[in-house]
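Those protein sequences? They're chains B and X, same order as listed. Position one of the first sequence corresponds to residue 140 (this note's numbering), numbered consecutively onward. Position one of the second sequence corresponds to residue 140 (this note's numbering), numbered consecutively onward.
Incorrect hints may appear among the rest.
[To be verified] Here are the simulated DMTMM-like cross-link-like pairs (lysine to aspartate or glutamate), alpha carbons at most 20 Å apart as the crow flies:
#1 X/K297 x X/D199
#2 X/K311 x B/D263
#3 X/K310 x B/E257
Derived from the structure by calculation, the hints contain no laboratory data. Quantities reported herein were computed from a predicted structural model and do not represent experimental measurements.
2 protein chains.
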Amino acid sequence: MTGKQIVVLRLGHRPERDKRITTHVGLTSRAFGAEGLLLASDDEGIADSIEAVAKRWGGDFYVKNNVNWKREIKSWKDNGGKVCHLSMYGVNLSDVESDIKTWDKLMIVVGAEKVPPEIYNLADLNVAVGNQPHSEVASIAVTLDRISDIDTLKQEFKGAELSIVPTSKGKKVIDNKKLGNMDID
Amino acid sequence: MTGKQIVVLRLGHRPERDKRITTHVGLTSRAFGAEGLLLASDDEGIADSIEAVAKRWGGDFYVKNNVNWKREIKSWKDNGGKVCHLSMYGVNLSDVESDIKTWDKLMIVVGAEKVPPEIYNLADLNVAVGNQPHSEVASIAVTLDRISDIDTLKQEFKGAELSIVPTSKGKKVIDNKKLGNMDID
Numbered sequence: 140m141t142g143k144q145i146v147v148l149r150l151g152h153r154p155e156r157d158k159r160i161t162t163h164v165g166l167t168s169r170a171f172g173a174e175g176l177l178l179a180s181d182d183e184g185i186a187d188s189i190e191a192v193a194k195r196w197g198g199d200f201y202v203k204n205n206v207n208w209k210r211e212i213k214s215w216k217d218n219g220g221k222v223c224h225l226s227m228y229g230v231n232l233s234d235v236e237s238d239i240k241t242w243d244k245l246m247i248v249v250g251a252e253k254v255p256p257e258i259y260n261l262a263d264l265n266v267a268v269g270n271q272p273h274s275e276v277a278s279i280a281v282t283l284d285r286i287s288d289i290d291t292l293k294q295e296f297k298g299a300e301l302s303i304v305p306t307s308k309g310k311k312v313i314d315n316k317k318l319g320n321m322d323i324d
Numbered sequence: 140m141t142g143k144q145i146v147v148l149r150l151g152h153r154p155e156r157d158k159r160i161t162t163h164v165g166l167t168s169r170a171f172g173a174e175g176l177l178l179a180s181d182d183e184g185i186a187d188s189i190e191a192v193a194k195r196w197g198g199d200f201y202v203k204n205n206v207n208w209k210r211e212i213k214s215w216k217d218n219g220g221k222v223c224h225l226s227m228y229g230v231n232l233s234d235v236e237s238d239i240k241t242w243d244k245l246m247i248v249v250g251a252e253k254v255p256p257e258i259y260n261l262a263d264l265n266v267a268v269g270n271q272p273h274s275e276v277a278s279i280a281v282t283l284d285r286i287s288d289i290d291t292l293k294q295e296f297k298g299a300e301l302s303i304v305p306t307s308k309g310k311k312v313i314d315n316k317k318l319g320n321m322d323i324d
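Model the full structure from these sequences, guided by the hints.
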């Protein structure tokens with residue numbers, strides 16, 4: 140949808156404490172143009188719940204649960220894809236975003252608190268979305284927003300059950316199954 | 140630091156379930172140029188923990204715990220500030236970011252799952268960072284990144300105990316108290 144093929148690989152998700160952050164990682168990846176999320180942990184529940192939201196709001200976003208992350212990276216690279224690891228330690232996104240923009244097939248890797256050190260060598264680029272501590276959710280959003288060929292905030296998601304009519308006050312949601320408007324609140 | 144005075148007001152934080160998201164909200168606000176976070180809930184622990192991270196990495200970011208949000212908005216507006224409420228329902232950021240850019244004193248309001256309906260009338264602008272479900276963390280990051288007068292990813296934070304030297308592989312952290320480099324991992 141962004142003119143590129145983008146997937147996000149989530150490392151280090153801990154089912155007992157990262158559910159909400161990983162949900163935000165998944166929904167942000169979708170909203171900013173990724174085609175799917177690869178989850179390098181076993182948490183079928185979170186995968187299903189992200190896919191359920193995605194389905195309701197349209198498009199074909201998928202979550203692949205419990206992937207072998209090294210195998211996914213290898214196969215991505217073998218198929219001509221590039222791998223970009225986001226953290227606070229790499230080269231500043233501002234200095235490399237024009238290079239990343241030229242890549243049509245991109246895997247974005249984000250960790251939780253710790254990542255396996257090997258990732259720094261496996262990635263084509265280790266990118267810092269600024270060298271300050273903040274959030275993998277923010278990192279994905281700003282990276283995808285900056286490198287997209289289209290305006291990420293104006294993407295269409297086909298087959299949505301629900302969609303929103305932008306409005307200056309309140310909430311206007313269209314239920315496409317009922318073909319009616321719902322004013323909420 | 141961004142040439143503007145920006146604060147972020149966080150509504151609806153529930154101490155029992157929003158700790159990690161609100162931490163990401165706070166750190167992202169700081170990293171992308173806000174001067175402080177106003178927390179409209181009572182959670183001294185989260186306020187202290189965000190401030191502790193902020194202090195270590197430099198600058199003067201503050202968290203004001205347990206604010207009366209209506210009073211904060213009123214006083215902000217009485218002092219010439221503008222209020223921008225981010226959600227998935229408002230007008231698209233892409234259509235209003237050039238207006239927001241002209242505002243020098245800006246309060247960004249983000250909720251958790253539900254916000255009091257009054258906020259839609261109190262805000263000068265109700266802005267959708269796209270009309271898709273994603274994350275208040277992503278919304279803050281992309282909004283501040285788009286409206287800033289400077290490159291948000293190249294800000295300096297004065298008086299940092301720790302700082303990072305951008306590097307293409309691995310981690311290079313400087314401990315400014317010891318004036319030495321630490322290569323981590």
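Verification of the supplied hints:
no.: 1; hint: X/K297 x X/D199; verdict: holds (8 Å)
no.: 2; hint: X/K311 x B/D263; verdict: holds (18 Å)
no.: 3; hint: X/K310 x B/E257; verdict: holds (12 Å)
Going through the hint list in order, the structure satisfies each hint without exception.
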